[in-house]
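So you can see what is in the structure, the chains are spelled out below.
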Amino acid sequence: MAIYFSNAQIGLIRRHGAACYPNECCGFLLGATLGNDRVVHAVRPVSNEFDEARQTTRYLIEPKDVWEMEQDARAAGVDILGVYHSHPDHPARPSEFDRTHAWPSFSYLIVSIVNGRPREVYSWLLSESREEFLEERITVQESPMRAGREHSKWR
Amino acid sequence: MARVQFTRHLSRYFPDLEQNVEVEGNTVAQIVSGLNDRFPGLAAYIVDDQGALRQHVNIFIGNELIRDRKRLGDEVQADDSVYVLQALSGG
Chain Y
1 MAIYFSNAQI GLIRRHGAAC YPNECCGFLL GATLGNDRVV HAVRPVSNEF
51 DEARQTTRYL IEPKDVWEME QDARAAGVDI LGVYHSHPDH PARPSEFDRT
101 HAWPSFSYLI VSIVNGRPRE VYSWLLSESR EEFLEERITV QESPMRAGRE
151 HSKWR
Chain S
1 MARVQFTRHL SRYFPDLEQN VEVEGNTVAQ IVSGLNDRFP GLAAYIVDDQ
51 GALRQHVNIF IGNELIRDRK RLGDEVQADD SVYVLQALSG G
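Taken in order, these protein sequences are the chains called Y and S. My numbering applies: residue 1 is where the first sequence begins, and numbers increase by one. My numbering applies: residue 1 is where the second sequence begins, and numbers increase by one.
Source of the hints: derived by calculation from the structure; they are not laboratory data. Only a predicted model underlies this, so the values are computations on that prediction, with no experimental measurement involved. Certain hints may be false.
As the list claims (entries may be wrong) - Covered stretches of chain S, going by a simulated chain Y footprint (3 or more residues, C-beta under 8 angstroms):
{"id": "1", "segment": "1-12"}
{"id": "2", "segment": "21-27"}
{"id": "3", "segment": "30-44"}
What the hints assert, rightly or not - Calculated lysine to aspartate or glutamate pairs in the EDC-like style (CA-CA distance at most 20 angstroms, straight line):
{"id": "4", "chain 1": "Y", "residue 1": "Lys64", "chain 2": "S", "residue 2": "Asp49"}
{"id": "5", "chain 1": "Y", "residue 1": "Lys64", "chain 2": "S", "residue 2": "Asp68"}
{"id": "6", "chain 1": "Y", "residue 1": "Lys64", "chain 2": "Y", "residue 2": "Asp51"}
Positions of the beta carbon are idealized from the N, C-alpha and C atoms, including for glycine.
Can you build the whole structure from these sequences, using the hints too?
Laid out in structure tokens, this is it:
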């Protein structure tokens, strides 16, 4: 089970995380499922709508933003595969808050931002029991839908 | 009957779930119960064991977010559109 990104998509997420530092960034991962794998066709940054004073440790994508993105994705023939967000000055591992608010089957990509600089990126899947996150292998390609380098993490 | 639309995400678990489902009910709780009758197990994705709306789910009646997240007692009119949506959050 792997999720495929292009270099440009991962770069966009890393830059978004750095730009939002010390707050958390967030956005959508749009694409298609191929067997057990997922191919990201587009990354769509969105505004973090959590209470501004707590955006250093929380993110929120408003239901209406999710709804509008679902309509746009449907029109484009792709799915929302998951979301990404940043962990300012924390590892790219899901928090307990992430777990209790996660949807099974969604990919949750996290980029760690340390002192304003992007560090490691990991992707996670919530188990069906909702009790834990399992790491989802990230494969980064030079461009979408081409064979490329594999990474369990991307630094 | 009220017309219910869902986040597309739920169709991964309920492939037969239509984009628009017409359900009878005077409250959101009755709507959810009616949905579960037609799609067994669907309610578990929307409400918890106590019948309260799950943290990551929001329900709109028209453009209005429902107020009663614990008992889902908001009234629904026959010509209302009800939307079951995801709230995506974390930290």
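We went through each hint and held it up to the structure:
1. Counting residues of the segment 1-12 of chain S whose CB lies closer than 8 angstroms to any CB of chain Y gives 4, so the stated coverage by that chain holds, three being the minimum.
2. Check result for the segment 21-27 of chain S against chain Y: violated, 0 residues qualifying (beta carbon to beta carbon below 8 angstroms, three or more required).
3. Counting residues of the segment 30-44 of chain S whose CB lies closer than 8 angstroms to any CB of chain Y gives 0, which falls below the minimum of 3, so the coverage claim is violated.
4. For the hint linking Lys64 (chain Y) to Asp49 (chain S), the alpha-carbon distance of about 26 angstroms lies beyond 20 angstroms, and the restraint is violated.
5. Distance check on the hinted pair: Lys64 (chain Y) and Asp68 (chain S) sit about 19 angstroms apart at the alpha-carbon level, within 20 angstroms; holds.
6. Our distance criterion of 20 angstroms between C-alpha atoms is met by Lys64 (chain Y) and Asp51 (chain Y), whose separation comes to about 17 angstroms.
The earlier numbered hints that this structure contradicts are 2, 3 and 4.
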